[in-house]
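So the protein sequences, as listed, match chains H and L.
Each number in the working numbering corresponds to the 1-based position in the first sequence with 49 added.
Each number in the working numbering corresponds to the 1-based position in the second sequence with 12 added.
Treat each hint with caution, since some may be false.
[Claimed, not checked] Footprint (simulated), chain H over chain L, 3 or more residues, beta carbon under 8 angstroms:
id, segment
1, 62–68
2, 226–232
3, 446–458
4, 580–594
No lab work stands behind these hints, which were simulated from the structure alone.
Glycine included, every Cβ here is placed at the ideal spot set by N, Cα and C.
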Amino acid sequence: MEEELLTPPIGPFFRFADAAVGMAALDDAGLLDDDQNPITASHYHALDVIGTIPRGGEWDEEGNVITEPTVLDGWHVNYVGELPAGWEQYAVTPEQPYRVFA
Amino acid sequence: MKLGVTKASASSSYNGLGDQLYDLGGARPTLDLNFSSNESLVDSVTGKTLVDHTRQSSATYVDGDGVIRTAVTNLFLQSEDFSTTWTKPISVTITVNQTTAPDGSLTADLIEGTGNNNFVNQPISLVSGTTYTISAYIKSAGLSKDTFRLFGDSIQFSDNFTATSSWQRFEFTFTATATGTRNGFVTRDSSDNPLGIYIWGAQLEQSSTVGQYVKTTTAINSAPRFDHDPTTGESLGLLVEESRTNLLTYSEDLSGYTKNSITTPLDSSVINPTGSTGSYKILADSGLSGGDPGGIRINQSASSANSIVVSAFVKKSTYRYVYIGFGGLGNSFAALFDIEPGLTSNRLLGQGGNGTYTNIDAGYQNFSNDWIRIWAVGTTSGTNGPTVGMSPDSTTFAITNWTAAGTEEIYAWGLQYEDNVSFPTSYIPTEGSTVTRAADVASITGTNFSSWYNDSEGTVFSDFVVNGDNGSNQFIYDIAEGSAIAEEIFAFKGTSTDDTTHTVRSNSNIEANIASDNQSNFNAQIKSAFAVSATSTIAAVNRSLGTLAESVTMPTVDNLRIGQRSNSTFQGNFSLSRFTYWPTRLSNDTLQTITT
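I would like the entire structure built from these sequences, with the hints used as guidance.
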């Protein structure tokens, strides 16, 4: 048993190519309401739409950009619950997650 | 978070129905979720837990001693169904629902093995150095295979346990030796004898002690929170909150913040708001502060075009005038507080700012041990981000440079930055990442619902405080058919100063839509009674009656949702002290009486 090969649980971090792909995946999974807003909670899931993840950047006190931030690839969501069909391909395992569930 | 609420109490003689509300209502209800009194989901009428509550993340609340606590979170999935998700060898057979579980339901499974390699486990994500506790209710199956061990981290085992003819909760605490995915739960004894036990309620929690059991299915689940006023200890009932994120990556460790003419020494002995020890301090440098970003404060750079809420727990060390805000010397908003212990006057001294800003709101709550949670809401073009600092006096409300003696010092702990919102929610600890607290969802379905609900008439009483305006309708409850919104009886608190609205819908038509008469403020107690029948539907809020609807097609419903609409929209943020249902349409006089 100690040497058993494990399959790590999938999620909660998912990355889509862009917002359009991500929103389409949420829609397919029934995670958008009638107004196309994400349904963030039910008895069976929790969804946190992060979107793009910026890194760095510097601004002065007037809000002027001194150094442009970089943006990580993709459009990101955190999700827990039964895995929607096809979402395995979107799962990522960041070493230092930008955001986690409490 | 509820501020300054004074609860009204109805006065009445005791008429023998067993509860003052029942007496006022003139009859015993068929459902009474007295959350503030019971501090549980148990229905006072039946003594059973009819409510399913879920929240797929941990969360904090205030206990009766005014201390911040973290709700128990069960990290195992399918805690009562070992036929799915769990891993076992071929030598183990799992038969579901074989005997009555400790909660009275027929949901306990039989685990029976042969040979010498029996186990049932689940892959779990562990963090090195973190302590976890595994637990389960286990009983002998009368198969003379009663010895077993619990295990975690794949390689750490409990001593042998022996199941008896009574349900016992067994537990095993371990500290993870590595970060990653490992196995854990129940396995054969140290002599490799086969398993043969009844089992129910598996739980893995990040704790050195075992906590209350929390059922899970397809996702982790965290216990419902029964909140308290941190100042008075008053029980406020079930805390329901929307999903929120603390955008500060370190809420308690101030060492990584930008320091402006200050240092941040750690006091490892001071009692912090969780009742444990340790908090950073903000100690002013001597002399005139200056430079960029200026002031005497900490900050963490960020910018936002939205409404911003910043909050923190602060406590006087040597200095009393503390501000919290967002931005810096150029552009910022701030609110200034007097944190002198024992102060009985208003601690909020004023709000101000620099450059481009608006002040939207500010407030505070007193906690135990002279801690005070302060918060400010505003907008600004400032890019210095959330900030906590010291002001030279009681009248300087904006971030400014000033000359300090070098002895001015405060404690600061539990910093929180919530974006695109207008009021603070419960504290969300962070340690290296931004952290999201999931929303609370509660419902009653199936026979747990039909056992108390009357299709032809009824009266719903609810006693609640809505904790802030989230810019949307906030559903207190929705009695509906499945997750559809065609057949409904619901009440929601509207935005701004809008009323609490009570609605009946049938076949997607609005049959009745009854608004209270401006009796519904945020952060104030609201008592609502909604009496529904085909010929007489009306609502009362805080004694004020709405307009009667004389012809209503009664909806066909099968479940109750608390804190959301049935289609999982319109999430609420409130403390629900009590939810009670009578299967009759109570009189108008009675509705006014019970909502007084």
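Results for each hint:
no., hint, result
1, 62–68, "holds (count 4)"
2, 226–232, "holds (count 4)"
3, 446–458, "holds (count 9)"
4, 580–594, "holds (count 3)"
When each numbered hint is compared with the structure, no violation occurs for any of them.
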